[in-house]
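Colleague: Line by line, the protein sequences are chains F and G.
Per the numbering used here, the first sequence runs over residues 1 to 114.
Per the numbering used here, the second sequence runs over residues 1 to 112.
Just so you know, these hints were derived from the structure itself, not from any lab.
Be careful, since some hints might not be right.
Unchecked claim - Quick look at which bits of chain F chain G covers, simulated, 3 or more residues with Cβ under 8 Å: (1) 42–48; (2) 52–58; (3) 83–92; (4) 101–109.
Even for Gly, the Cβ is constructed at its ideal location relative to N, Cα and C.
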Amino acid sequence: DAGVTQSPTHLIKTRGQQVTLRCSPKSGHDTVSWYQQALGQGPQFIFQYYEEEERQRGNFPDRFSGHQFPNYSSELNVNALLLGDSALYLCASTLWVLAKNIQYFGAGTRLSVL
Amino acid sequence: AQTVTQSQPEMSVQEAETVTLSCTYDTSESDYYLFWYKQPPSRQMILVIRQEAYKQQNATENRFSVNFQKAAKSFSLKISDSQLGDAAMYFCTLYNFNKFYFGSGTKLNVKP
Chain F
1 DAGVTQSPTH
11 LIKTRGQQVT
21 LRCSPKSGHD
31 TVSWYQQALG
41 QGPQFIFQYY
51 EEEERQRGNF
61 PDRFSGHQFP
71 NYSSELNVNA
81 LLLGDSALYL
91 CASTLWVLAK
101 NIQYFGAGTR
111 LSVL
Chain G
1 AQTVTQSQPE
11 MSVQEAETVT
21 LSCTYDTSES
31 DYYLFWYKQP
41 PSRQMILVIR
51 QEAYKQQNAT
61 ENRFSVNFQK
71 AAKSFSLKIS
81 DSQLGDAAMY
91 FCTLYNFNKF
101 YFGSGTKLNV
111 KP
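In isolation and in its complexed conformation, chain G is listed as follows (with noise of 0.2 Å):
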């Protein structure tokens, strides 16, 4: 079974700051995606970043970056000079066999 799991429902940061949101998953399969989507207020889900698990190397995208451990089963998001922006609900998303699987969520909380 495929499963992922985001164990911080929300959190708060400081604009200007970093934070990191952790998810863990679990699955069988060597050949998987995994992405975080942002879901403001607006209800549209936007991709923020993705990673393809064949690939060591941690994916950037300006100021989001992945920690990627794929023997844990671990892949976070951080942050960096957030802005108020980056409001929003994130998820953790892992694709393998067609199928994504969503984790249910952090709410992420941008204080000026």
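Isolated chain F, as found in the complex (with noise of 0.2 Å):
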């Protein structure tokens, strides 16, 4: 069973250029979560998809978007790149089971903004 699964690992762009980070989540788990992890820090919760529709939201702005498919993967979009959006990208897929939420975290996606 494969876990959680992301593409690319390591991307580098250029302010102001667009980037589409993608992930696959753990077989059978319906909601995808992303967060940004700043180079030393704790990761901060960007937002999160349940059926298709963003269901939480943190305090990220609007160049910040996403899409659940029908299969449950995911899509980070973040638009008008800033040098401040370099960082790690993880997504995390949680499934509910018996009243527990279980959360399992891809590996992540480095992205470099220059």
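Starting from two chains that each stand alone, build the complex the way the hints lay out.
Modeller: In structure tokens, the structure reads:
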């Protein structure tokens, strides 16, 4: 059973460009969350998707948008990239089992904005 | 507002000894979950242990245990018989309203 997979693993962009990151959740997981982890800091919640809709959102500008497909995979889009967007972007999928939420993380995409 | 504070940026422990990582949090909710995640250099975030706020009994997972003090809003992680593979960043995490809130992390070094 494959875990949470993210692509690409590493990406280099320049300021002003747009980027799309992809995430395939663990089999059977219907909820996908995205996080931004700046160097030396803890992950910051960006948003969560459930049943193809954004269910929760953190304090991130509208430049950050997402999508969830019918197969539960998800994309994170960032427009008009800034230097400060350089970070590790983590995707996590969640499964509720017997009232317990179990969240699994991917290995992340390292985005460098030059 | 939900906040998680880890006041120990870095800690060291001798192999086979015990170490405790501290965490305090703030939430106005009564129903929430707490987690400790481990992030090795490979970047993969791994769940170490979880605690439901409504449970008074402290969670344990093999060599890992927590001291959950709900009134004090404290959630510390104890690692017994430390192993070289335990070296990693450890994040204390609060979950409620479908959001996860992470602390800034504690880097654990394990000395052979």
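Colleague: Which numbered hints does this structure break?
Modeller: Nothing - there is no hint that the structure violates, so all of them hold.
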